[in-house]
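S.K.: Sequence:
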Amino acid sequence: MTSSIAHSAAPTGVLVVGAGISGIACARALRDAGVTVRVVDRARRPGGRMSGRTLQGRVVDLGASYFTVPAGSGFSGVVERWVEKGLARPWTDTFAVIGTGPDARTTKGPMRYSAAHGLRSLVVDLADGLDVGLECDVAQVADDGTVDGVQYDTVVLAMPEPQAARMLAPASPLIARLDTAAWEPTIAVALGFAERAWPAELHGAFVEGSSVLTFVADDGDRRGDRAPVIVAHSTAAFAREHLDAPEGAVSAVPGELRALLGLEPSIQPAWNHAHRWTFARAASTHPEPFALHERIGVCGDAWGGRSSVATAWASGDALGRAIAGRR
1 MTSSIAHSAA
11 PTGVLVVGAG
21 ISGIACARAL
31 RDAGVTVRVV
41 DRARRPGGRM
51 SGRTLQGRVV
61 DLGASYFTVP
71 AGSGFSGVVE
81 RWVEKGLARP
91 WTDTFAVIGT
101 GPDARTTKGP
111 MRYSAAHGLR
121 SLVVDLADGL
131 DVGLECDVAQ
141 VADDGTVDGV
151 QYDTVVLAMP
161 EPQAARMLAP
171 ASPLIARLDT
181 AAWEPTIAVA
191 LGFAERAWPA
201 ELHGAFVEGS
211 SVLTFVADDG
221 DRRGDRAPVI
231 VAHSTAAFAR
241 EHLDAPEGAV
251 SAVPGELRAL
261 LGLEPSIQPA
271 WNHAHRWTFA
281 RAASTHPEPF
291 ALHERIGVCG
301 DAWGGRSSVA
311 TAWASGDALG
321 RAIAGRR
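Numbering (the UniProt record's numbering), first residue to last: 1 to 327.
It should be emphasised that the hints constitute simulated quantities derived from the structure, not laboratory data.
Cβ coordinates follow ideal geometry from the N, Cα and C atoms, glycine included.
Incorrect hints may appear among the rest.
[What the hints assert, rightly or not] Now the in silico label distances, taken between C-beta atoms and shown as ranges:
no. : residue 1 : residue 2 : range
1   : ALA245    : GLN151    : 38 to 48 Å
2   : LEU55     : GLY255    : 19 to 29 Å
3   : ALA104    : ARG166    : 17 to 27 Å
4   : ASP179    : GLY255    : 28 to 38 Å
5   : SER73     : PHE206    : 20 to 30 Å
6   : LEU134    : ARG166    : 13 to 23 Å
7   : THR94     : HIS117    : 43 to 53 Å
8   : GLY77     : PRO173    : 32 to 42 Å
9   : PRO173    : PHE206    : 18 to 28 Å
10  : ASP144    : LEU263    : 37 to 47 Å
11  : ILE175    : LYS85     : 17 to 27 Å
12  : GLY255    : THR36     : 52 to 62 Å
13  : TRP271    : ASP143    : 39 to 49 Å
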């Protein structure tokens, strides 16, 4: 059950709506600058699209598959601290590229990082010491900073743009700056097996030519516990067919996975779980790091170039600094 934010709000401070990594990074920058800030989210825990789910007694990453660290970015210091704490770890710089044809190859890129306790644990760590209210529903945000009848100095919407647009007044000038159409869904399907039957060097794989899947991750490999669990992310088109009932997507995934990985027909998952992400990623992004108009700001992974975890953090951090600077 969601609750009101009014009873614990600080009307003279900043309200951040959204406890994903962008919202938490924004709140952290504000608090470090001495600004009173509160974060609210309708979910039961922080994390946003870095969230996972405990399945069969083990946390499985169902949102972001990994993150990278752009050279020279402020995000690198955050990641270094996570690594020192044992929360994050370098995972791999090599993924397979697989498809419906007979040929497979590998591709090298930047180091991808993962988290031993799931990516959500990193957001939770970043939120330590912040004023975070969970299971708090927000219906409407006015341009003057009024949120459901409570006045704030500034309000930050740290979420996918279609969700931010729903909260703003129809005549808000910010609406014109939001790209609400260029967002793609996905369905993440976790599959647990009795034992590992795929190559040890798989790590993860980009999928080409499939109408069902775009990416496959060996969740036991990225988490470091070698659990026989694979998480497969669907194509946007396939997800759109199953958004109303994501569990209906599960039946097509094991067969597609066996074909892509060359597994025997007898290899069947012991359990499965499907999670719907209606706004999984931005198909196009804004060059600027955030939007800020008078008392309302918007941040997230669609702001600042390539959509990624690092971009989301940088967007929130930059918006927090900008708000603090003008105060």
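S.K.: If a hint holds in the structure, say so; if it doesn't, say that too.
M.R.: Hints and how they fare:
For the hinted restraint 38 to 48 Å between ALA245 and GLN151, the CB-CB distance of approximately 41 Å keeps it satisfied. Separated by about 21 Å at the C-beta atoms, LEU55 and GLY255 satisfy the suggested range of 19 to 29 Å. A C-beta distance of roughly 42 Å is found between ALA104 and ARG166, which places it outside the suggested range of 17 to 27 Å. For ASP179 and GLY255, the Cβ-Cβ distance of about 35 Å falls inside the hinted range of 28 to 38 Å, so the restraint holds.
The hinted range of 20 to 30 Å is satisfied by SER73 and PHE206, whose Cβ atoms lie roughly 24 Å apart. Here the CB-CB span from LEU134 to ARG166 is close to 20 Å, well matched to the stated 13 to 23 Å. Look at THR94 against HIS117: about 24 Å separates their beta carbons, and that is not inside 43 to 53 Å. Separation of GLY77 from PRO173 is about 35 Å and conforms to the stated range, judged on CB atoms against 32 to 42 Å.
In this structure, PRO173 and PHE206 break the distance hint of 18 to 28 Å, their C-beta atoms being roughly 39 Å apart. Checking the proposed 37 to 47 Å range against ASP144 and LEU263 shows it is violated: the Cβ atoms sit about 58 Å from each other. In this structure the hint that ILE175 and LYS85 lie 17 to 27 Å apart at CB is violated, the actual value being about 40 Å. At roughly 54 Å, the beta-carbon separation of GLY255 and THR36 lies within the given 52 to 62 Å, and the hint holds.
A beta carbon spacing of about 48 Å between TRP271 and ASP143 agrees with the range 39 to 49 Å that was offered as a hint.
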